[in-house]
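Engineer: Chains A and B supply the protein sequences, listed in that same order.
Under this note's numbering, the first sequence has 368 at position 381, and the numbering climbs by one with no breaks.
Numbers given in this note's numbering equal positions in the second sequence, counted from 1, plus 1450.
Derived by calculation from the structure, the hints in this document are not laboratory data.
Keep in mind it's a predicted model, so treat the numbers as computed, not measured.
One should not assume that every hint holds.
[Said to hold, decoys possible] Pairwise CB distance ranges, derived in the manner of DEER restraints:
1) S1700(B) to E176(A): 16 to 24 Å
2) G259(A) to S1743(B): 39 to 47 Å
3) V1462(B) to S236(A): 48 to 56 Å
[Unchecked claim] Derived pair list, reagent style EDC-like, types lysine to aspartate or glutamate, alpha-carbon separation capped at 16 Å:
4) K1537(B) to E120(A)
5) K143(A) to E176(A)
6) K159(A) to E130(A)
7) K1537(B) to D304(A)
8) K143(A) to E171(A)
9) K235(A) to D285(A)
10) K1537(B) to E301(A)
11) K143(A) to E118(A)
12) K143(A) to E120(A)
Ideal Cβ placement from N, Cα and C applies to all residues, glycine included.
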Amino acid sequence: MSTRYLLLDVAPLGGEATDVLLADGVIAVIGEDAQAQAGDDATVLDCHGLVLLPGLVDLHTHLREPGREDAETIRSGTRAAALGGFTAVHAMANTTPTQDTAGVVEQVWRLGREAGWVDVHPVGAVTVGLEGERLAELGAMAESQAQVRVFSDDGKCVHDPVVMRRALEYVKAFDGVVAQHAQEPRLTEGAQMHEGVVSAELGLAGWPAVAEEAIIARDVLLAEHVGSRLHVCHLSTAGSVEIIRWAKSRGIDVTAEVTPHHLILTDELARGYDPVYKVNPPLRTQRDVEAVRAGLEDGTIDIVATDHAPHTREDKDCEWAAAAFGMTGLETALSVVQETMVDTGRMTWADVARVLSTAPARIGRVSDHGRPIAVGEPANLVLVDPAARRTVEPEQQATKSVNSPFRGRDLSGCVIATFLRGRATVLDGSPCDESVVVSR
Amino acid sequence: MRHLLSTADLDVAEAVRILDTAGQMAATQAREIKKLPTLRGRTVVNLFFEDSTRTRISFETAAKRLSADVINFSAKGSSVSKGESLKDTALTLQAMGADAVVIRHHASGAPHTLAHGGWTTGSVVNAGDGTHQHPTQALLDAYTLRRHLVGDGGRADVSGRDLTGLRVAIVGDVLHSRVARSNVQLLHTLGAEVTLVAPPTLVPVGVEAWPARVSYHLDEAIADDKPDAIMMLRVQRERMSSAGGGFFPSPLEYTRGYGLDARRLASLPEHAIVLHPGPMNRGLEISADAADSSRAVIVEQVANGVAVRMAVLYLLLAGGDAPTSSQPGTTNETKVDA
Ligand SMILES: [Zn+2]
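The following block holds chain B by itself, in its conformation from the complex (with noise of 0.2 Å):
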């Protein structure tokens, strides 16, 4: 693996390689010393050319934990909104000696145009790109739909296996979602199965290409599929003012007919766990009871984030052999304004 640009660029072999990565940093984060010297000398990029100061730092948390120098690249609100800034920067990055860049852009693309630009030599993350990709984020959420709903509910050794036979629904602003996109392709390629649950204003059109279902009723998507797990997506609530495009009339309407609320979670299987990206829009795409209840794993999310992400840069900047030392490491962070 020389980037990760998109889900749809592993099979399934490197995916559950990724998974059993990550459940491997995930032990050595159990540990009272938890930085690993692994990536000792080499310098991972965080360029954010968007807020996301959740994504930022869970990359960042990964990185120093496996000792590689950090710098944060913050490019927001500055003279890059232009077109060839994107090149300007990445030349920036290179001769600075990145060896990863990881990347949150607004334009769909924009890390596969870093990436093979011909600008940089280091490898590239995508930390979302527009509404195209987000493919740590489906990784985490295949980690955690793994240690859940894989071998008898997650104690048992999971690693090696894929998601076969899972049903998985994800409910929301599919058409505005990288999150929804990455988790498809994903899903698909680790043998689970999608229902996707909108309505019909925030499904793309060309969905009928996609692996998964579509259903536009979510209590029939939780009665005919009973999911293992239901994951909520974001949704921006500009999406229904006339401006931002008017995708539904109101949010009441949208949260009676797509919000995760007590009845809705008592509706499905009992094993059934509720996953949601961040932020939560609370009252509207998920209630409080949901959010808060013992089946949402979405605070775990964040602590998986943190070990797939581990995996992905140890992957990609040292590849070979598993991480076993335990041996403490430092780190220097230096901050860069764009």
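Only chain A is shown next, with the shape it has when bound in the complex (with noise of 0.2 Å):
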């Protein structure tokens, strides 16, 4: 296959068409000349009516290797990433063991490379074990060959105000930032799902907003007060969403994130008792999805992130208090943010770029992705058709798990192709031959 692709008739960004050419792992010209330059050696594709778009860059991912290869490996949710239009994950430390030595993260760079489906940059702990108690070895884990530079407990909360204190000033030395799964623990034991009218009624134990809300407050304060950069993870509430902003518009250095499922789903669907709705933070009411959707609209939020949670068929196929947290998302994820940002007229593709490409490369420090679509720069690029209709078939993706809470749902968009450093890994909608997403 060739590493040179011509892309003809392409919108990037979604703006006027023009001609592409991708040679040497680089975007070689933009325009008329691409054609004339190409050669006969390129694949040419057909674009019309195609965005390009920069490579979308996950900071949430949860691959779950090692420790859990029966849900998800560094391989398959890779791969699930690229068919999502993905060429950079990042790959939350809750695994077994954790990601909170060198030692871990740098096996888990190690088989993403090895994978070669997306660049996966490992999150490494904030606390040993995620115990919130002892700070890893931070250090260690940024000079690593992983180089990481987003720290989390993810997960669980690091509740305890003076380790977060602690983390927020130590990750400075190396431009740091520590990502928070805002969870009050204490306001949260057994919670199952949003307090509300929904729980109170279906006798589920109440995860309330406030639990979330007090976290993500206190921590805008400790941020400002010893002057770091903080990363709230899935925000989900609409209270927080005015958190962010009142700390924003005091100039407090901090980003937010909204996952796909918080933009589009709620706690109406706990109705019928089945887990795979079951998520953490859970499923808000249609106030704070509208909420979340003004903040990304507005900027107080910046990126959206998966949070895919792959999980075994049998930690879903039981009662809902004994189900595991989470759902898949690489793969429905620029759909989701089509459907509600783009097809109701809220957001660009330039929009959609920045929150799922740019903004989290910048806040994940990852220099090569989430680059401008100009000539010279790294071909880490995504080609989506946003007429496409498609209805999701769990069994069908890549992801070993089939969590997915938009099982048989019609989603706009589809993910054409994806090329990481100008070698395509989805051509057509399908994943490229492992041999040559390898040989890169």
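Mind docking these for me? Both chains are given alone in their own frames, and the hints should help you get the complex.
Structural biologist: Written out as structure tokens, the structure reads:
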């Protein structure tokens, strides 16, 4: 397969259509000269009607390896990521063993390279074993081959204010960021779903919005006090949006993410007690959905991150309380953003590039992703067909797990091709031959 | 009716039909030979993931009096604490040919999952799930209320009647109570007015969507509402400890604010009755005076429970015509431990 691709009649960031030549891993030519310089060996793709975006960057992916290879492996998860239009993912630290040492993060980084589907940037745990007590060796992880810049105990909250303060301060030495899973633990003991009208009726223990908001409020004040950078994971409530908006207006260096599922699903879905809708933080109300959409639109929320959380069938095929929290998302994220933000006229494709590529790359300090679509830039790109409609079939997805909340649902948009440093990982909406992907 | 999972699934006609059928069942129970042949050859499984001898015996008695075969499947304290075992248990019961599964489970929604998981074809009866629902308890409460408070205090024929206009106070740990949730919905469907009385810590966030008034003061609620019936909920003593959630400062303070004692009993309207789903914490939510008074119908609730559960099993498994025969039948009992 050729390593030169000529994209004809493609719309970069949804703008005016043009031709783009990818060669030698970079964007070689944009415009009329692209065809002339393509040469005979270039693969020509008719991209009429397609949008070209920088390859998507996920700041929040659970790849489950090492430890839960029955739910996902680095190989299966990154293949799913490529199909979803991603060229880089941040692999969360709650693996077994925990990604809390240089050795484990280097192993994950290396397995990601070997798989070749996307660049894997391991997230380092903030505390040893995610226990929230002692800082993990953050410096060693930062200096390792994996060059960790994002630290998170995700799945658990760094709830001790002193530990959180120390972490925020410490990572300044290597321009790191603490990504907080904001969940006050005492307020959420045994919590099963959003606390409100639906939980009251269903008799499921409530996960109150205040348990998220209280931690975010504390953390932005801590970040202000010590002059550090803070990232808030999967913000889910209207109140959280307000707090971030206030913090940014004060000049606090905070960024925030929302998941695709919190942009579109509500706690009403819990009524059937189907654990596929059990997620942490929980699905909230329609009012919260409106608020996170508005926050994403006005820039209060910086990015969309998947919180892709694959689980085995056993962990979901049971009563609600016994089921694991989490839902898959890599292969549906872009469609959900299109449907909720672009199709509704709230965002442009340039905005999509910002919230799904440029901004997450900047937050994660990933220098070669999330770049402008310009000559000389690395060819980490995704081609999207916004006019396509598709029905989600979890069994047909590349992720090893089937816990997608969108089963059977029609979604807008389809990833046609993904390029990692000029090589296609996905073409015609299908994953490329693995030998080609790996031999990059 | 295919399953009985929640009182929210019942409309007024269905609810009244169950109460009427329970009335017919109760009539057969006054006869010398109590057993009806109606469900002969049918299998009812009592699947209890949580201890409740009282509820299990009530369902067992109901099923046997309808001549059903009864299998008691006690899943508590065994390997059945991990997730998939509800599914495995359901598949086992399906293989045994269960026509109805009566399930008690500590997880809210487990009966719903059992009914809709595609694991069993039998009817599912919710015998209490977590803090969600306990529909047969609400039905037996409604039956008891109707018997005493509709149609001149009970001796007239009340079949076909609902509970329009009755005022019922439900007092205690509403937050953790499946009895309260079931009753609020059923009593509302039947036309009664419900006031929930509890300390604010024991009222769920989201209660504003319930068809009920909320009061934090029992004396005020009694004075303002003049309830026709007062239903005392069981309060678990561990709720006051810090580990249990610290919902109230001490048992004494709870009893002072929300316990039904002789003084409060006397302040109720003369015709008002006292209900309790049992088992009672005498001295905590109800004093011995109140529990043993002539106004208390707590013992009768137990008997009515059998009639109501007979009615539910009958309507689920036999449907159609009301029972008339008093032919004795035979039952077999099998005990299975999981
Ligand atoms: Zn998280």
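Engineer: Each hint: holds or not?
Structural biologist: Hints and how they fare:
Range check, S1700(B) to E176(A): about 22 Å between beta-carbon atoms, so the 16 to 24 Å window is met. The hinted range of 39 to 47 Å is satisfied by G259(A) and S1743(B), whose Cβ atoms lie roughly 44 Å apart. Between V1462(B) and S236(A) the Cβ separation comes to about 54 Å, which falls inside the hinted range of 48 to 56 Å. Our distance criterion of 16 Å between C-alpha atoms is broken by K1537(B) and E120(A), whose separation comes to about 38 Å.
Between K143(A) and E176(A) the alpha-carbon distance is near 12 Å, which keeps this suggested pair within the 16 Å criterion. Proposed proximity of K159(A) and E130(A) is supported: the alpha carbons are some 13 Å apart, at most 16 Å. Pair hint K1537(B) plus D304(A) holds up; C-alpha atoms about 8 Å apart against a cutoff of 16 Å. Distance hint between K143(A) and E171(A) is fulfilled; the C-alpha atoms sit about 9 Å from each other, no more than 16 Å.
Taking the CA atoms of K235(A) and D285(A), the gap is about 12 Å. The hint holds against a cut of 16 Å. Under the criterion of a C-alpha separation no larger than 16 Å, the hint pairing K1537(B) with E301(A) is consistent with the structure, at around 10 Å. At roughly 8 Å between alpha-carbon atoms, K143(A) and E118(A) fall within 16 Å of each other, so this suggested pair holds. Proposed proximity of K143(A) and E120(A) is supported: the alpha carbons are some 12 Å apart, at most 16 Å.
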